[in-house]
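Student: Sequence:
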Amino acid sequence: MRKIGFLGLAVCAVMAWISLYTGQFTMAQSVAPTAFLEKAFAATGARVEGYGVHHWSILNHELMSTDQLKRMAAKLNTTLQLRDTREWVYDQGDQRVFQLQGWWPGGTSGVLVLTSLKTDSQPDTTLVLRVEHTGPGTDGLAAAYDRVKQTVESAGQMPRIDSCLYGSLSVRMSETERQNRIAQALASVRAKEVEALRSPQVTSVSAYSPQTKDYILTGSKKMNLQIAVHDDAYENKTRVVVGTPIVTVEY
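Be aware that the sequence shown starts at 10, since it is given in our numbering, and climbs by one per residue.
Hint data in this document are derived by calculation from the structure and do not stem from the laboratory. A portion of the hints provided could be inaccurate.
Stated by the list, open to error - Below are the SDA-like pairs computed for lysine to any residue, each with C-alpha atoms no more than 25 Å apart in a straight line:
(1) K48 with Y243
(2) K79 with W113
(3) K84 with D133
(4) K246 with K84
(5) K158 with V137
As the list claims (entries may be wrong) - Derived DEER-like restraints, expressed as beta-carbon distance ranges:
(6) L126 with S179: 18 to 28 Å
(7) G146 with P209: 30 to 40 Å
(8) A192 with K79: 27 to 37 Å
(9) D93 with P145: 18 to 28 Å
(10) P219 with A152: 43 to 53 Å
From a predicted model like this one, the values you see are computed outputs, not experimental measurements. The beta carbon of each residue, even a glycine, is placed where N, CA and C say it ideally should be.
Sequences and hints are given; from them, build the entire structure.
Tutor: What follows is the structure, encoded as C-alpha cells:
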C-alpha cells in the first residue's frame with residue numbers, strides 16, 4: 010500500500026491550483042466521471058493496479074489557528090469517515106497545517122489536509138482531500154468519488170474533483186504502439202486531442218470528450234481527460250495512467 014506524504018499532497022495541490030486558475034470547472038452533459046474514467050482506461054487494455062481521487066479548494070481568506078483547523082477537520086471527517094486516524098500538525102510563523110490521515114475498510118487510504126497561510130496579498134485557508142487505493146479492480150472508485158464529493162459539499166464548497174486510474178501492460182511498447190493505445194482510449198469516449206507530450210519513453214495526451222460534464226479550460230480549449238503511457242524498462246512493462254479532468258498521481 011502506498012503512503013501519502015505531505016510533500017506529495019503539496020505537489021497535488023499545486024497541480025490542482027494550476028487546473029483551477031488556468032481555467033475553470035464548467036459543466037457540459039452526462040456520464041458519471043468515474044464511469045467515463047473506467048471506460049477510457051479499459052480501452053487501453055491495461056490491468057488496473059489502483060486509483061486515486063483528489064480535491065483542492067480555497068475555503069476562506071482567513072488565517073486560522075491549528076485548533077480551529079483541527080475542529081474543522083473533525084467536522085469534515087464526520088462525512089469522510091476515515092478510521093484509525095493519525096494527526097500531523099505544523100505551526101510556524103504565518104503557516105498552519107493540520108493533516109488527518111486514516112483508512113476505509115478494504116485498505117483504502119485517505120488524507121484530509123487543511124492549510125492556513127498568510128501571503129503578501131491575503132491569508133488563505135485551503136482544503137485538500139485525497140483517497141487512494143492500491144490493488145486490482147475499480148469496485149470502490151465510485152463510492153470514493155461520492156464520499157469526497159459529499160465531504161466537499163459539507164464544507165460549503167463546489168466539488169472540483171480529479172480521479173485517476175493507473176495500471177500496466179505486461180509488455181514494453183514502442184512509441185507508435187503507445188500512441189495507438191491512447192488513440193483507442195480516446196475513441197472509446199469520443200475524445201479529441203487538445204495537447205500532447207511525446208518522447209521515446211513517454212506519451213502523454215490531454216483531450217476533451219463531450220461524454221462527461223466536468224472540464225477545465227486550458228487557454229481557450231476544453232479539457233477533461235489525460236492519458237499517459239510510459240515505458241518501464243526496470244520491470245519490463247508499460248505503465249498507463251488515465252485521469253479526469255487531469256492526472257494527479259505520479260507517472
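Student: Take the hints in turn and mark each one as holding or not.
Tutor: Going through the hints against the structure:
1. K48 with Y243: 28 Å, violated
2. K79 with W113: OK: K79 and W113 at ~20 Å, within 25 Å.
3. K84 with D133: 19 Å, holds
4. K246 with K84: 44 Å, violated
5. K158 with V137: 12 Å, holds
6. L126 with S179: 18 to 28 Å: Since L126 and S179 have Cβ atoms about 45 Å apart, the given range 18 to 28 Å is violated.
7. G146 with P209: 30 to 40 Å: 32 Å, holds
8. A192 with K79: 27 to 37 Å: Violated, at about 49 Å.
9. D93 with P145: 18 to 28 Å: 23 Å, holds
10. P219 with A152: 43 to 53 Å: 26 Å, violated
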